[in-house]
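Each protein sequence line maps, in turn, to chains X and Z.
Just so we're aligned, residue 157 is where the first sequence starts under the numbering used here, counting upward by one.
Just so we're aligned, residue 9 is where the second sequence starts under the numbering used here, counting upward by one.
Hints were generated in silico from the structure; no laboratory data involved.
Positions of the beta carbon are idealized from the N, C-alpha and C atoms, including for glycine.
Any given hint might turn out to be false.
[What the hints assert, rightly or not] Lysine-lysine pairs mimicking DSBU-like chemistry, simulated, CA-CA at most 35 Å apart: (1) 537(X) with 44(Z); (2) 44(Z) with 55(Z); (3) 55(Z) with 686(X); (4) 686(X) with 39(Z).
[Said to hold, decoys possible] Label-pair restraints from in silico Cβ distances: (5) 79(Z) with 285(X): 50 to 56 Å; (6) 323(X) with 55(Z): 53 to 59 Å; (7) 562(X) with 41(Z): 30 to 36 Å.
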Amino acid sequence: MIEPVLLESTTGLFDGGFKLIPALTLAAMLALFLGVGWFFRVASVDDMWVAGRSIGSIENGMAIAANWMSVAAYLGVASTVAFLGYFGLAYVVGWTTGYFILLIFLAAQFRRFGKYTAPDFVGDRYYSDLGRAIAATTTLLIAFVYIIAQGNGLGLMAQYIFGVSYEVGVVLLMTITIGYVALSGMLGATKNMTFQYIILISAFLLGLYATGWTQGWSTVLPFIEYGSQSTEIATEIDRQFTEPFQDATYYHWVALCVSLIAGTCGLPHVLVRFYTADNERNARWGTVWGLVFTLLLFLGTTAYAAYGTLLYQENVGEYTEMTGTEADTLVVLTAHLAELPDWLVGIVAAGAVAAGLATTAGLFISASSAAAHDIYTNLYKEDASQREQMIVGRLTILGLGAVVTYLALNPPALIAEVVGMSFALAGTVLFPVFFLGLWWEDATREGAIAGMFVGLFFGFGSIVNEILPQYVSAISGDAIVPAFATVVPATSSSLVGVPAVMLTIIVVSMFTEDPPEDVKRLVRQCHSPKPMKKMDSAEDVATDGATPADD
Amino acid sequence: MTADESPTTETEERRFETDGGYDTVDYLDEKIHMFKPATPFMKDHLKVIWGLFAVWMLFTFGPVTATWVATDFMTSTQVLGFQLHYFLTAIGSPVGALVLCAAYAWQRDRLDAQYGVDHETEAEAEAEAGKAVAADGGEQA
Numbered sequence: 157m158i159e160p161v162l163l164e165s166t167t168g169l170f171d172g173g174f175k176l177i178p179a180l181t182l183a184a185m186l187a188l189f190l191g192v193g194w195f196f197r198v199a200s201v202d203d204m205w206v207a208g209r210s211i212g213s214i215e216n217g218m219a220i221a222a223n224w225m226s227v228a229a230y231l232g233v234a235s236t237v238a239f240l241g242y243f244g245l246a247y248v249v250g251w252t253t254g255y256f257i258l259l260i261f262l263a264a265q266f267r268r269f270g271k272y273t274a275p276d277f278v279g280d281r282y283y284s285d286l287g288r289a290i291a292a293t294t295t296l297l298i299a300f301v302y303i304i305a306q307g308n309g310l311g312l313m314a315q316y317i318f319g320v321s322y323e324v325g326v327v328l329l330m331t332i333t334i335g336y337v338a339l340s341g342m343l344g345a346t347k348n349m350t351f352q353y354i355i356l357i358s359a360f361l362l363g364l365y366a367t368g369w370t371q372g373w374s375t376v377l378p379f380i381e382y383g384s385q386s387t388e389i390a391t392e393i394d395r396q397f398t399e400p401f402q403d404a405t406y407y408h409w410v411a412l413c414v415s416l417i418a419g420t421c422g423l424p425h426v427l428v429r430f431y432t433a434d435n436e437r438n439a440r441w442g443t444v445w446g447l448v449f450t451l452l453l454f455l456g457t458t459a460y461a462a463y464g465t466l467l468y469q470e471n472v473g474e475y476t477e478m479t480g481t482e483a484d485t486l487v488v489l490t491a492h493l494a495e496l497p498d499w500l501v502g503i504v505a506a507g508a509v510a511a512g513l514a515t516t517a518g519l520f521i522s523a524s525s526a527a528a529h530d531i532y533t534n535l536y537k538e539d540a541s542q543r544e545q546m547i548v549g550r551l552t553i554l555g556l557g558a559v560v561t562y563l564a565l566n567p568p569a570l571i572a573e574v575v576g577m578s579f580a581l582a583g584t585v586l587f588p589v590f591f592l593g594l595w596w597e598d599a600t601r602e603g604a605i606a607g608m609f610v611g612l613f614f615g616f617g618s619i620v621n622e623i624l625p626q627y628v629s630a631i632s633g634d635a636i637v638p639a640f641a642t643v644v645p646a647t648s649s650s651l652v653g654v655p656a657v658m659l660t661i662i663v664v665s666m667f668t669e670d671p672p673e674d675v676k677r678l679v680r681q682c683h684s685p686k687p688m689k690k691m692d693s694a695e696d697v698a699t700d701g702a703t704p705a706d707d
Numbered sequence: 009m010t011a012d013e014s015p016t017t018e019t020e021e022r023r024f025e026t027d028g029g030y031d032t033v034d035y036l037d038e039k040i041h042m043f044k045p046a047t048p049f050m051k052d053h054l055k056v057i058w059g060l061f062a063v064w065m066l067f068t069f070g071p072v073t074a075t076w077v078a079t080d081f082m083t084s085t086q087v088l089g090f091q092l093h094y095f096l097t098a099i100g101s102p103v104g105a106l107v108l109c110a111a112y113a114w115q116r117d118r119l120d121a122q123y124g125v126d127h128e129t130e131a132e133a134e135a136e137a138g139k140a141v142a143a144d145g146g147e148q149a
């Protein structure tokens with residue numbers, strides 16, 4: 157499934173050179189984001205990580221949706237739907253229905269547990285610094301893979317807006333993102349997220365509505381009005397557009413969908429949003445709103461895929477010949493091919509950049525907190541000062557930024573596929589640990605550690621299996637072990653991985669000593685119906701502030 | 009899944025203070041096991057969770073499975089101009105998830121009302137806990 161992406165486009169999208177109005181639009185957006193970031197600039201380490209936890213449900217829903225709406229959702233899903241047909245819909249289904257699992261099984265319990273990050277949760281629930289370190293490493297890996305895709309999308313958009321080469325575009329926009337994150341921290345980012353959501357969804361829908369109107373394809377609800385276009389492509393041009401199981405089997409479809417769902421529940425930068433709502437009820441309704449806001453994007457993205465494909469067929473050539481780069485820019489390309497004015501296409505492109513910025517910011521924060529909090533302070537230097545932690549956090553952002561920028565210069569797969577891999581990784585390694593940790597009090601430290609190793613084998617192993625041959629020419633073929641790639645694809649490792657990890661945790665837990673009583677009380681507190689004070693964690697209520705015995 | 013050890017005297021001392029009303033159960037002494045809910049609240053909550061989860065399975069994997077089983081029927085039938093399989097997958101599943109999320113949030117509100125849980129008081133308690141906030145956060149760092 158995973159093929160290297162050739163950076164070519166014959167659509168003329170990148171031929172216009174430097175475009176003043178789109179560039180100014182983007183500059184204005186970024187100036188506003190940085191301005192807001194400056195206004196809420198970092199005051200203390202706590203502010204940087206959880207934004208003081210005080211946001212209502214609609215606002216929090218927008219923040220959840222903004223976190224969600226990365227370059228992958230904005231550009232990538234339309235791309236996979238156009239490029240891979242019915243198989244691409246697994247991205248739409250996985251990334252939306254996953255909210256429900258998150259809501260019913262994890263959101264409230266996680267919030268009550270009161271830990272900001274995946275490593276904190278694993279460290280405290282499984283009373284283990286090794287567990288914390290594995291979770292922190294996983295968080296770094298997830299952020300790492302995810303940001304590569306964002307860099308890819310940002311570079312493509314810079315190419316359109318500034319008329320620079322792809323490479324210059326990646327470096328330019330990644331530099332801006334890193335500068336922005338390091339300055340504003342999460343408080344700024346949170347306030348930005350609501351704001352960015354509004355900018356972003358407006359930009360996205362503007363292009364969709366304008367295309368639908370000018371082509372006479374849709375009126376007020378393009379989300380459900382593209383049926384005849386979609387069917388026309390499938391029946392009159394080429395069946396590929398909607399043909400089920402042409403690009404992938406039923407097994408692969410379900411495996412991908414399950415991985416994206418599990419990933420939704422394991423992705424650290426989404427989970428952190430449940431702490432920013434002001435009470436549990438608002439956290440629940442915030443999730444509902446988050447899905448409403450996300451649907452505007454995901455339902456729109458399939459409409460874009462249909463419109464874009466039809467326009468491509470009319471103006472460029474056979475849509476089945478579309479290159480990966482063309483597919484990855486399809487949203488902007490649609491507006492371009494519909495002959496909408498440059499400023500409007502520019503706004504759509506600027507929205508994609510905003511999407512990349514918002515998500516990348518959240519990921520950099522997750523990564524820096526994993527490195528500063530969980531690896532540096534917990535394992536290396538117990539008494540690290542806040543200042544030291546801040547420095548480590550920022551250095552992590554810079555280092556990570558440099559490496560992913562380099563890798564984004566040669567993207568290993570389509571944008572959505574790369575993001576899918578990071579979701580599969582989160583789903584396979586972290587989801588089972590969260591799920592069993594919150595729903596079965598007898599899950600032990602040894603079980604969790606063994607489980608996470610098994611998870612890394614499936615989750616990260618499958619990625620290495622398919623990606624390494626692209627960077628190391630000595631390895632021929634599509635994968636190191638083709639049979640492994642067939643059963644456990646890199647974007648879809650959770651269908652096999654999650655049951656394997658859960659089984660490992662359960663079996664090992666049954667043969668190892670039960671968790672200490674105070675840890676069990678933590679878990680019980682997470683399921684109690686009693687409201688807790690907003691800032692309380694389960695630990696405070698269950699143990700009156702004492703730390704777990706083995707910590 | 010070993011037998012629960014009885015709470016030690018130490019934890020006995022830490023027992024959460026009851027304020028009468030809904031918490032006649034001490035939630036900190038009841039085992040958490042997904043398939044063996046120990047408190048009435050958990051039993052009711054899990055009923056809601058599993059019920060909606062079953063519907064979710066149908067909404068999420070139903071369309072793709074139906075397409076796999078009855079490919080010709082699903083691709084030749086049309087709804088709103090869409091082929092049925094495409095409509096159910098691209099629009100049906102996501103919107104279904106939204107309806108289920110709202111249904112769950114609503115059911116939880118109902119359970120909260122039944123068990124006398126009031127989230128509005130959280131905000132007030134919060135104001136008093138201002139100092140504790142900083143202390144708690146500091147401990148994480």
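Tell me the hint numbers this structure goes against, listed in increasing order. The structure conflicts with hints 1 and 7, although it agrees with all the remaining ones.
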